[in-house]
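Its first residue numbered 1, the sequence shown is counted upward by one per residue in this note's numbering.
Derived from the structure by calculation, the hints contain no laboratory data. This one's a predicted model, so the numbers in the text were calculated from it and none came from an experiment. Be aware that one or more of the hints could be misleading.
Derived DSS-like pairs: lysine-lysine, alpha-carbon spacing no greater than 30 angstroms straight-line [what the hints assert, rightly or not]:
1. Lys344 to Lys246
2. Lys191 to Lys121
3. Lys246 to Lys392
4. Lys344 to Lys293
Label-pair restraints from in silico Cβ distances [said to hold, decoys possible]:
5. Glu151 to Cys187: 15 to 21 angstroms
6. Gly328 to Gly387: 31 to 37 angstroms
7. Thr169 to Gly113: 20 to 26 angstroms
8. Arg75 to Pro303: 35 to 41 angstroms
9. Trp357 to Glu306: 28 to 34 angstroms
10. Asp140 to Arg178: 21 to 27 angstroms
11. Gln109 to Thr71: 33 to 39 angstroms
12. Pro210 to Gly387: 15 to 21 angstroms
13. Val371 to Ser46: 27 to 33 angstroms
14. Gly161 to Glu299: 43 to 49 angstroms
15. Ile37 to Glu151: 48 to 54 angstroms
Idealized CB from N, CA, C, for every residue including glycine.
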Amino acid sequence: MNEFLSSSPVSSASPRRENEFELLCALTGSELAPQRIERVANWNLSGLDWGEFLRLAERHGVLPLAARNLTEHARGLPPVIERLLRSLYDANLRRSLWFAAELARIMAQFESGQLRTVPYKGPVLAQSLYGDLGLRSFSDLDFLISPVDFERAREALAEIGYRPSADLTPDVERLWLRIGYERSFDCAAGKNLVELQWALLPRFYGVDLPVNDLLARADRTVVGACEVPCLSPEDSLLVLCLHAAKHLWARLIWISDIAGTLQSQTIDYALVASRARALGIARILGVSFWLVKKVLRAELPQPAEEMIAADRRVETLGGDFADRLVRGAAYDFESTEYFRLIWKLRERRGDRWRYLWRLVWTPGAGEVAAVRLPEALFPLYRVVRMGRLMRKLIWSRL
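Taking the hints into account, I'd like the entire structure generated from these sequences.
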């Protein structure tokens with residue numbers, strides 16, 4: 001990453017911080033190329049701040065990958081660090097195995113009720129991209145479900161000990177099914193362990209990819225000893241790029257997931273490009289691929305290179321997000337800065353204006369929590385939304 005760092009604003013970071021982050025990038029991947037293995041093997045570890053390295057690895061969600069690749073390929077690894085890394089990997093593996101078992105239990109419950117759901121991210125992603133449940137950390141199980149099946153899915157989860165994380169009245173729940181996109185569930189093992197999602201993103205993003213289409217195109221895969229539905233490779237790539245863009249590519253693991261999909265899956269790129277253009281997210285895919293290439297130094301398939309080259313804004317935006325990534329810049333996802341960045345990621349004028357319109361007029365959880373309205377007055381939540389956004393805009397200018 002030295003070439004990239006020396007030619008971008010990232011080079012203004014402290015040398016020590018660059019060293020830890022560069023090493024982390026070199027270690028991020030399930031199957032390292034020979035030249036990257038050699039680079040890791042020859043890395044001078046003597047000046048490494050191990051506390052900072054472990055903090056960064058945890059923050060970026062790649063600690064298990066870094067632990068495995070360091071212990072396998074690094075030379076001169078201090079014994080105490082090697083023991084710690086192996087312990088951290090083992091702890092993540094135990095947690096991931098619990099989630100995999102829970103995934104099998106929940107899927108059996110859904111299938112017994114003939115509920116059509118698709119688990120994604122979590123154990124499914126760890127197994128399909130990394131080939132090892134211990135190489136990716138996750139904290140919950142995500143299920144895509146048609147909104148018309150949400151009530152039955154909630155009842156099915158209740159039968160095996162899961163309850164909604166937030167108590168909503170029936171009228172607010174009906175509202176949330178129209179304007180929201182997910183509900184979290186707790187059980188005796190912990191909070192927010194399961195998410196049911198009837199949309200990929202909040203409505204205001206203006207990316208209308210129906211969950212029913214994803215369900216209809218689903219494939220099958222095996223996690224542990226359990227066969228479960230999974231997204232098709234093309235849909236998985238689109239979904240991972242959208243998820244990373246929603247969070248502005250602020251963690252290496254999201255870029256790693258995209259890289260792993262490009263490298264390990266058989267993808268119909270013409271179909272991906274067609275769907276991306278229809279949804280108006282070709283720029284989001286281009287920035288995602290640019291970050292895979294420049295931050296992780298991964299080889300890209302030619303169609304991915306062509307999507308980068310097709311939009312002259314991709315490199316500028318990618319450089320900005322890469323700089324923020326290395327600096328560890330924090331985002332306020334309710335700030336005007338965040339909304340402006342999402343605006344820039346849409347390549348079509350009509351999509352940008354639809355995004356802005358929905359951003360202003362679509363109530364969210366904050367509005368529903370701020371004011372309790374009877375169901376007949378729910379349309380007034382749009383006014384509450386406008387007022388809260390205006391207040392944020394005013395405060396941002398002070």
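Contradicted hints - numbers only: The structure breaks hints 12, 13; every other hint is satisfied.
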